[in-house]
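Mind docking chain B on chain A? Use the hints.
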Amino acid sequence: MQTQVLIIGAGVTGTGLARDLALRGLSVVVVEKRDVNAGASGGNHGLLHSGARYIASDPAAAAECHIENQRLKQLAPHCIENTGGLFVAVAGDDERYVADFPEMCRRCNIPVRQVDPKEAREMEPTLSDSLIAAYLVDDATVDPFKLSLDNMADARRHGAILRRHSRVTGFQMAQGRICRTAILDEVTGKSETIDADVVVNAAGAWAGVVAGLAGATIEMRYSKGSLLVTQSRLCERVVNRLRMPTDGDILVPGGTVSILGTTSVRVDSPDVIYPEVQEVDAIIDQGAAMIPQLAVTRYIRAYCGVRPLIGADDPQTSEDDDDRAVSRGFALIDHTREPGAPSNLITISGGKLTTYRLMAEKTADLVCSRLGVTAGCRTGVAALPDTVEARWTEPGLAPNVWLRQKAPDDMLLCECEMVSQSVVDEIVAGLQALDGRPHLKAIGLRSRIGKGPCQGTFCSQRLAAYLYDQGHLQGTDGLAQLRVFLRERWRGQQPLLWDMNLAQAELLEAMHCGLFGLELEKSP
Amino acid sequence: MNVSGKQPSCDLSCDLMIIGTGMAGMAAALFAARQGLDTIQVGLTGEIGFASGLIDLLGVHPVAQGAPVDDPWEGIARLCRDEPHHPYARLDIETIRTAVQTLLDFFETSGYPHAVSERGNQRVMTPVGTLKTTYAVPHTMQAGAWALARQAPCLLVDFEGLKGYSARQIAAGLADRWPALTPVRLVFPGGRGELYVEHMARALDAPAVRQQLVDALRPHLCGMAAVGLPAVLGMYRTREVQADLQSSLGLPVFEIPTMVPGVTGLRLRELFEQRLPAMGVRPLFQHRVLAARRSKDGGMAFTIAPEDAPRRIQARAAVLCTGRFFGKGLQADRGGIRETLFGLPVAQPKDRASWHHKDLLDVQGHPINRAGVEVDADFRPVDAQGRPVHDNLFAAGSILAHQDWIRQKCGSGLAIATAYGAVKSAARFLQKLYS
Numbered sequence: 438m439q440t441q442v443l444i445i446g447a448g449v450t451g452t453g454l455a456r457d458l459a460l461r462g463l464s465v466v467v468v469e470k471r472d473v474n475a476g477a478s479g480g481n482h483g484l485l486h487s488g489a490r491y492i493a494s495d496p497a498a499a500a501e502c503h504i505e506n507q508r509l510k511q512l513a514p515h516c517i518e519n520t521g522g523l524f525v526a527v528a529g530d531d532e533r534y535v536a537d538f539p540e541m542c543r544r545c546n547i548p549v550r551q552v553d554p555k556e557a558r559e560m561e562p563t564l565s566d567s568l569i570a571a572y573l574v575d576d577a578t579v580d581p582f583k584l585s586l587d588n589m590a591d592a593r594r595h596g597a598i599l600r601r602h603s604r605v606t607g608f609q610m611a612q613g614r615i616c617r618t619a620i621l622d623e624v625t626g627k628s629e630t631i632d633a634d635v636v637v638n639a640a641g642a643w644a645g646v647v648a649g650l651a652g653a654t655i656e657m658r659y660s661k662g663s664l665l666v667t668q669s670r671l672c673e674r675v676v677n678r679l680r681m682p683t684d685g686d687i688l689v690p691g692g693t694v695s696i697l698g699t700t701s702v703r704v705d706s707p708d709v710i711y712p713e714v715q716e717v718d719a720i721i722d723q724g725a726a727m728i729p730q731l732a733v734t735r736y737i738r739a740y741c742g743v744r745p746l747i748g749a750d751d752p753q754t755s756e757d758d759d760d761r762a763v764s765r766g767f768a769l770i771d772h773t774r775e776p777g778a779p780s781n782l783i784t785i786s787g788g789k790l791t792t793y794r795l796m797a798e799k800t801a802d803l804v805c806s807r808l809g810v811t812a813g814c815r816t817g818v819a820a821l822p823d824t825v826e827a828r829w830t831e832p833g834l835a836p837n838v839w840l841r842q843k844a845p846d847d848m849l850l851c852e853c854e855m856v857s858q859s860v861v862d863e864i865v866a867g868l869q870a871l872d873g874r875p876h877l878k879a880i881g882l883r884s885r886i887g888k889g890p891c892q893g894t895f896c897s898q899r900l901a902a903y904l905y906d907q908g909h910l911q912g913t914d915g916l917a918q919l920r921v922f923l924r925e926r927w928r929g930q931q932p933l934l935w936d937m938n939l940a941q942a943e944l945l946e947a948m949h950c951g952l953f954g955l956e957l958e959k960s961p
Numbered sequence: 452m453n454v455s456g457k458q459p460s461c462d463l464s465c466d467l468m469i470i471g472t473g474m475a476g477m478a479a480a481l482f483a484a485r486q487g488l489d490t491i492q493v494g495l496t497g498e499i500g501f502a503s504g505l506i507d508l509l510g511v512h513p514v515a516q517g518a519p520v521d522d523p524w525e526g527i528a529r530l531c532r533d534e535p536h537h538p539y540a541r542l543d544i545e546t547i548r549t550a551v552q553t554l555l556d557f558f559e560t561s562g563y564p565h566a567v568s569e570r571g572n573q574r575v576m577t578p579v580g581t582l583k584t585t586y587a588v589p590h591t592m593q594a595g596a597w598a599l600a601r602q603a604p605c606l607l608v609d610f611e612g613l614k615g616y617s618a619r620q621i622a623a624g625l626a627d628r629w630p631a632l633t634p635v636r637l638v639f640p641g642g643r644g645e646l647y648v649e650h651m652a653r654a655l656d657a658p659a660v661r662q663q664l665v666d667a668l669r670p671h672l673c674g675m676a677a678v679g680l681p682a683v684l685g686m687y688r689t690r691e692v693q694a695d696l697q698s699s700l701g702l703p704v705f706e707i708p709t710m711v712p713g714v715t716g717l718r719l720r721e722l723f724e725q726r727l728p729a730m731g732v733r734p735l736f737q738h739r740v741l742a743a744r745r746s747k748d749g750g751m752a753f754t755i756a757p758e759d760a761p762r763r764i765q766a767r768a769a770v771l772c773t774g775r776f777f778g779k780g781l782q783a784d785r786g787g788i789r790e791t792l793f794g795l796p797v798a799q800p801k802d803r804a805s806w807h808h809k810d811l812l813d814v815q816g817h818p819i820n821r822a823g824v825e826v827d828a829d830f831r832p833v834d835a836q837g838r839p840v841h842d843n844l845f846a847a848g849s850i851l852a853h854q855d856w857i858r859q860k861c862g863s864g865l866a867i868a869t870a871y872g873a874v875k876s877a878a879r880f881l882q883k884l885y886s
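Heads up: the sequence lines are chains A and B, in that order.
Position 317 of the first sequence, counting from 1, maps to 754 under this note's numbering, and the rest follow consecutively.
Position 189 of the second sequence, counting from 1, maps to 640 under this note's numbering, and the rest follow consecutively.
Just chain A, same shape as in the assembly (with noise of 0.2 Å):
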């Protein structure tokens, strides 16, 4: 296959460079390694900052937040709830910073305005008693799927091509060129080559590997990141605690739940991660200070991402430093001056969810200048489409079609979150049409089936049975699947399994070991 423009990864980074680079008229495909978001950009807050968070270690960074933030509640209202958002600080949080804060903020052109702790608990009844502080700020919250699948779908809707579950194997040289990328693909174990006249590494924490296979050298650390998202919504606005960033300190409403974190922990390879049981009671400990709740409150499942960090270690600094210290601007790298290098790779890195339309752009701009392509940028002014494609992550959305239709055979796959069997016919025929692979676990990617309270221990075997009668499962595949979507679901519950959770952890597992023997099969 031939293509101008290569890029690895299906993040929201390149995602959104597809995008960009079809609106100005190039040919363009994406290979992923896995699906859409399966890195980092599916494994954040969902937060549109407004910036204020990084006044203090980033004030460049924050700015550029404040622009991208206010420019795609232009562009992409459909992906956007514009909650607003609050900064508060408790009794015992920092008073100098406190003070500084909206001097900090109006030199990076952040609005915020202060407002009276017992307003601010008006506002948010769960805000502690103990509040000394408030101000509003423009934060608002995104979905990260839908964002990246609208990006692609309008990408491929302009030409660009998607490979779903396609590795990079290796780079074929010449004259000190990538000529040929080799791809293998993971469900059918068929390699394919690509050759493109531009590579772009997107591959998030993992830029490094697919540097390394082009004898280009990133050095990179990873800063793997915990979220815990509530049974419901426990608060109408993005909630910042006011302090250096540090853990647990964010709280941003998700639809139908409040998703609670973060951390910082320094991990190895991005390859093998999962949220600990040490890092969600740190979360919910945090957390409870601003939100007092947030200790007895359900929570239905954990995930995590991994931060790529660009530049090596600090030997001055200790391993103990706070990582969230490192920039989070974004790195775009000309691998054409580094010796050894091949000169038609280029690496974009880092960067935040706020900003990945601004990293796009500034990729693409680099991409055309190296192909002699004139044609300007239009994702700054050019609305994202809400796709049919990028339709179902929306909690509630599924729900209100199903009840408004009324239609009596068009029974509920997902009970918790009321996933129908026609949403399902739906996603699946996008996946026809992309790649023909309708798997349970890319259903779950494209929809909340498994993300309501039951985390797919009704849900997954209802699903499967759907998809063999309509004829998209075959042999033993239906088993492979369930087996890998259960282990999915299960890696978010692992660390809050205590209370209810851990008696729906038992059911789902008496279930699926107890009768299916799941655990016995040889499958993957």
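Hints were generated in silico from the structure; no laboratory data involved.
Treat each hint with caution, since some may be false.
Said to hold, decoys possible - List of simulated lysine-lysine pairs, DSBU-like, C-alpha gap at most 30 Å:
| # | chain 1 | residue 1 | chain 2 | residue 2 |
| --- | --- | --- | --- | --- |
| 1 | B | LYS779 | B | LYS747 |
| 2 | B | LYS809 | A | LYS878 |
| 3 | A | LYS959 | B | LYS747 |
Please read these numbers as outputs of a predicted model, since none were measured by experiment.
Here is chain B on its own, set in the frame of chain A:
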């Protein structure tokens, strides 16, 4: 603790109080009734509906190897050698056999016989297309094992509107082991829309509905040696339903378990709820024990729900069959696991981080599943020094420590055998008390 502050309205007393209505509680009540003990049984009967209805004794040992057990009796003997703290090891094989046989005899005389295989464990199809190892199956499933052993050509039936059960899925999953499976989808008599197994089973108790099902099945029988259906062949009249279908179709008919809660669990609930009172057990089903304490005379005093009109029960002895976390016999918070009624010591891993593996399907089984109440040779819960907490409190079933019923596939056997042991000890205690 008297939650409402009201005085308990009515006092009851008994020799033996059985707390819990899962398989262990039901079996304990049966054994107590057969011993002629003056027994009250209390508990919410929702959870037994989640039982698979299959009588597992031991299906896997050792767990870490995922090694299937063909002969459960030989397997239990091996298990007791390898895991001397396993509750089974508190009993000898003959006692376990007697306990299980007593229960199977009870099922038989209640009109719901179970089938065992001379060769030991049997294999049962599951909705995900796997084969499950178990010991005794309801008579409605017996022909399935027969057909599997012969790889007989079978019609596998599912119904439009029954979620989580696909004949195609079962046939596809078993294709390499049993190629002669033909899936077919039918409309259940009485209409379309979403179906629930309990309604289907109750509907098939009626001959007219069965006749419609027979009519729907007839066109698909050519070349078939048996017909497999989801487990909905009647709630109360399973023998009649099965015999009727078999004679009308001229073929063996068998059930395949569905997702839980399934009819095979609900039948057990119905059967115990109907039969135990007739045997002399005083049932307080749908009542929850709010509080338990030792009274001054050494007996047990219980306060039971409803909270607005609590009742007090005096008992000379009690058997605790309250189950684990799903049954609410055990409860966990972030800091640890506790026993909910008496605050009994719970053997448990050192901290929460070691409760579960990171992989749901880890072959070792999750350490928390082996947490629970430790008992002495008489099934009396013990303290850290190994001494009985109370001389008149006994425990049975999944609340017991040092077993993993889910992975060992020993849930029913464990419940029945330990209930038998606990009731026997309780009877001995009462006998001494009155002599």
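Do the hints match the structure? See the list:
1. In summary, the hint linking LYS779 (chain B) to LYS747 (chain B) is supported, as the alpha carbons are separated by about 28 Å, within the 30 Å threshold.
2. Straight-line distance between C-alpha atoms of LYS809 (chain B) and LYS878 (chain A) comes to about 18 Å, which keeps the hinted pair within the 30 Å bound.
3. As the CA atoms of LYS959 (chain A) and LYS747 (chain B) are separated by approximately 58 Å, the hinted pair breaks the 30 Å bound.
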